[in-house]
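J.: Sequence:
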Amino acid sequence: MSFTRFHDDAHRIQKQNEISSFTGRYQLDRPGNGLDLPFQEDPNMRLQYWGANLQNNAINVESDLRGLSRPLNRDLIGKNEHVNHAANSQKLFYSNASPYVEESRASHPAWMYKDLEQTRWENPFLNPLNGIEPEFARDIQTRILEKDYFKPVLPNIHNNM
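UniProt numbering numbers the first residue of the sequence shown as 1 and each following residue consecutively.
One or more of the hints may lead you astray.
What the hints assert, rightly or not - The following label-pair restraints were derived from C-beta to C-beta distances:
#1 ASP36 - SER104: 27 to 33 Å
#2 LYS15 - PRO109: 57 to 63 Å
#3 SER107 - ASN60: 43 to 49 Å
#4 GLU81 - ARG46: 35 to 41 Å
#5 LEU72 - SER107: 56 to 62 Å
#6 GLU62 - LEU37: 17 to 23 Å
By construction, these hints were calculated from the structure, which means they are not laboratory data. Computed from a predicted structure; not experimentally measured. Positions of the beta carbon are idealized from the N, C-alpha and C atoms, including for glycine.
Generate the whole structure from the sequences, applying the supplied hints.
T.: This is the structure we're talking about:
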């Protein structure tokens, strides 16, 4: 007798587990920015992803913020103190680095170049005047041309007899 319960199939269970745990694995398995990524001292760059707000014990800190590290009650003050059950974590410190790309607005402002002549007298690869004069006649009405060039051919009556 064949097994017809799709819900208990091993491959379906594995796929369902992959789908349900994808959100957490994306945070855990995502490739990082490297071992030592210094801050760029550039005001025009935006911080992305965690923005150096990551601590060395991120999962326990998340669990503590959600209240998973202590039992849920209001009556027993000693068991509900968050200081006693807080996750131990330390902030990571990153080095600073000056930007390797200079800001063009600051180093070369536009007013320095507005009065200068832009000399670009190189020869183009293709002649831009090639398409000015057409190689064939255009916009000619063939009906009028046929009228102009029409030569009537009169029948010769004398040769037919």
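J.: Which constraints among the numbered hints does this structure fail? Numbers only, ascending.
T.: none
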